[in-house]
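Q: The chain contents come next:
There are 2 protein chains.
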Amino acid sequence: VIQLIPVRGLPEIREGDDLAGLIAAATDLEDRDVVVVAQKVVSKSEGRVIRIDSLEPSEKARELAGDERDPREVEAVLREAKQIVRERGPLVIAQTRHGFICASAGVDHSNAPEPGMLVLLPDDPDASARRIRDRLQAATGVDVGVVVTDSFGRPFRQGTTDVAIGIAGVTPIIDLRGTKDRIGYELRSSRVAIADEIAAAADLARGKADGVPVVVVRGLQLAGDGTAQELVIEPELDLFR
Amino acid sequence: VIQLIPVRGLPEIREGDDLAGLIAAATDLEDRDVVVVAQKVVSKSEGRVIRIDSLEPSEKARELAGDERDPREVEAVLREAKQIVRERGPLVIAQTRHGFICASAGVDHSNAPEPGMLVLLPDDPDASARRIRDRLQAATGVDVGVVVTDSFGRPFRQGTTDVAIGIAGVTPIIDLRGTKDRIGYELRSSRVAIADEIAAAADLARGKADGVPVVVVRGLQLAGDGTAQELVIEPELDLFR
Chain A
5 VIQLIPVRGL PEIREGDDLA GLIAAATDLE DRDVVVVAQK VVSKSEGRVI RIDSLEPSEK
65 ARELAGDERD PREVEAVLRE AKQIVRERGP LVIAQTRHGF ICASAGVDHS NAPEPGMLVL
125 LPDDPDASAR RIRDRLQAAT GVDVGVVVTD SFGRPFRQGT TDVAIGIAGV TPIIDLRGTK
185 DRIGYELRSS RVAIADEIAA AADLARGKAD GVPVVVVRGL QLAGDGTAQE LVIEPELDLF
245 R
Chain B
5 VIQLIPVRGL PEIREGDDLA GLIAAATDLE DRDVVVVAQK VVSKSEGRVI RIDSLEPSEK
65 ARELAGDERD PREVEAVLRE AKQIVRERGP LVIAQTRHGF ICASAGVDHS NAPEPGMLVL
125 LPDDPDASAR RIRDRLQAAT GVDVGVVVTD SFGRPFRQGT TDVAIGIAGV TPIIDLRGTK
185 DRIGYELRSS RVAIADEIAA AADLARGKAD GVPVVVVRGL QLAGDGTAQE LVIEPELDLF
245 R
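Taken in sequence, the protein lines are chains A and B.
Under our numbering, residues 5 to 245 are what the first sequence spells out, in order.
Under our numbering, residues 5 to 245 are what the second sequence spells out, in order.
Derived from the structure by calculation, the hints contain no laboratory data.
Note that beta-carbon positions come from the ideal geometry of N, C-alpha and C, so glycine has one too.
Mixed in with the good hints there might be a few duds.
To be verified - What follows is a list of derived Cβ distance ranges for each label pair:
| no. | chain 1 | residue 1 | chain 2 | residue 2 | range |
| --- | --- | --- | --- | --- | --- |
| 1 | B | Glu91 | A | Ser58 | 43 to 53 Å |
| 2 | A | Asp71 | B | Glu240 | 16 to 26 Å |
| 3 | A | Gly145 | B | Ala227 | 51 to 61 Å |
| 4 | B | Asp229 | A | Gly51 | 37 to 47 Å |
Claimed, not checked - Which chain A residues stay away from chain B? Per the calculated CB distances, all over 12 Å, these:
| no. | residue |
| --- | --- |
| 5 | Gly20 |
| 6 | Ile54 |
| 7 | Asp57 |
| 8 | Lys64 |
| 9 | Gly70 |
| 10 | Pro75 |
| 11 | Arg76 |
| 12 | Leu82 |
| 13 | Arg83 |
| 14 | Gln99 |
| 15 | Arg101 |
| 16 | Ala131 |
| 17 | Arg134 |
| 18 | Arg139 |
| 19 | Arg195 |
| 20 | Glu238 |
Take these sequences, add in the hints, and give me the full structure.
A: In structure tokens:
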């Protein structure tokens, strides 16, 4: 049995806060737990927040924003984007510098520390996950995995699901190629994006509007390590694109 | 706390088996549980299985198969496909008649009842979920949700995640539009594909190679109903496509 345990009682997170220390104090971690942390609190603790009135919109940002969106917010999106994948009105799907493809290059004004601020993705979410993991280990002595998540839309299907944007002490993909089924055929769906499934599972325990940014996944029998960068697929190899 | 409980001890499922009755006998269900059932056993119980030697490959199937795949298997894929979305060598990404976009239109030889057989997706996975739900209720008296799942690849990211292809007694999407965050902004990621997150979560407890086709998700505080068809997005509305 796997348990999805919401971590309640965390304070509002601000720049410079010891996020891992606060998590360690709020819950009893066990070896092999996977601690799933919403990107928003990671970004806030790292100061990846900007004041919207510090941004001077470019011509392109004004054009995309039209009357429907604050052009300064669109400017933040353009600055965070390595490449614009799709634009429709003020909506922008972009590839981030990490290679992720998501709405607004991950720029978000919801759950910001205060009005007039935007939250950006961490500079290096895999490094964020690793820092949190190391700090949790130092604080508690237990060996846990960490997954940093965000809510991404996706092609072909309605709605968002949470996915892994940074990981540490968790394997991103379980490769079952070569695993035979009961009658000896190789399994078709042979590479499972387990880190994304962990992210999605944790979201079930989070309650989006409740502000529970950390969920512990207990009971996974997983070994391994890796990065969320391994989940990014090169366009030329992407048969679904 | 949410629990993901694998249901062990189910026999190999064959056409005509009372799948819901077998599930009810193998586990103690509680009101509000969500019973997550892998498509493979649903299809087998419904006889959605064909013998590969009953298929006469078309010219198109031979051409796609080349030397790399059994052309009769490709023929099955073409028959199940409403539209071919992408083809590369023998690999085919297709839209199924249900509107899902996935590898091989869901046709699979792994975990087939015996060698030389292919498993197809259920004709109407939402109807399958509803039948299973009704039968579980009749057998146990408890009111559960049902999610029928398959493992789908997706654009932009490596690996597969399990998604919902049929549901009953579960809402496919939680719409948080209009929900305000703590400082009053509308939440950006406002429509959560909760049925897909349930599917992904259940896969964590399944162990792909272990043959545990049914997982109970306990502790979700969900109401509502709907269909997996509501998760399909029209191409012209699909900003990510």
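Q: Now tell me, hint by hint, if it's right for this structure.
A: How the hints compare with the structure:
1. In this structure the hint that Glu91(B) and Ser58(A) lie 43 to 53 Å apart at CB holds, the actual value being about 49 Å.
2. For Asp71(A) and Glu240(B), the hinted distance range of 16 to 26 Å is satisfied, since their beta carbons lie about 23 Å from each other.
3. Look at Gly145(A) against Ala227(B): about 41 Å separates their beta carbons, and that is not inside 51 to 61 Å.
4. Checking the proposed 37 to 47 Å range against Asp229(B) and Gly51(A) shows it holds: the Cβ atoms sit about 44 Å from each other.
5. At the 12 Å boundary, the C-beta of Gly20(A) stays outside the reach of chain B, the nearest C-beta of that chain being 20 Å off.
6. Look at Ile54(A): its CB is around 15 Å from the nearest CB on chain B, clear of 12 Å, so calling it non-interface holds up.
7. In this structure Asp57(A) is separated from chain B by more than 12 Å, as the shortest Cβ-Cβ distance comes to about 16 Å.
8. Its beta-carbon lying about 18 Å from the closest one in chain B, Lys64(A) satisfies the requirement of being farther than 12 Å from that chain.
9. At the 12 Å boundary, the C-beta of Gly70(A) stays outside the reach of chain B, the nearest C-beta of that chain being 16 Å off.
10. Against chain B, the non-interface label of Pro75(A) holds: every CB pair exceeds 12 Å, the least being about 17 Å.
11. In this structure Arg76(A) is separated from chain B by more than 12 Å, as the shortest Cβ-Cβ distance comes to about 15 Å.
12. With a least CB separation of 17 Å from chain B, Leu82(A) remains clear of the 12 Å interface cut-off, as annotated.
13. Even its closest Cβ contact with chain B, about 18 Å, leaves Arg83(A) beyond 12 Å, as expected for a residue assigned away from the interface.
14. Here Gln99(A) does not stay apart from chain B, with its beta-carbon only about 9 Å from theirs, under the 12 Å limit.
15. With 12 Å as the threshold on Cβ separation, the claim that Arg101(A) sits away from chain B holds: the shortest Cβ distance comes to roughly 15 Å.
16. At roughly 20 Å from the closest C-beta of chain B, the C-beta of Ala131(A) stays outside 12 Å, upholding its exclusion from the interface.
17. The Cβ of Arg134(A) sits about 20 Å from the closest Cβ of chain B, beyond the 12 Å cut-off, so the non-interface label holds.
18. The beta carbon of Arg139(A) is kept farther than 12 Å from every beta carbon of chain B, the shortest such distance being approximately 25 Å.
19. Once the 12 Å rule is applied to beta carbons, Arg195(A) is inconsistent with being away from chain B; the minimum gap is 5 Å.
20. Distance check on Glu238(A): its Cβ comes as close as 10 Å (rounded) to a Cβ of chain B, failing to clear the 12 Å threshold; non-interface status is violated.
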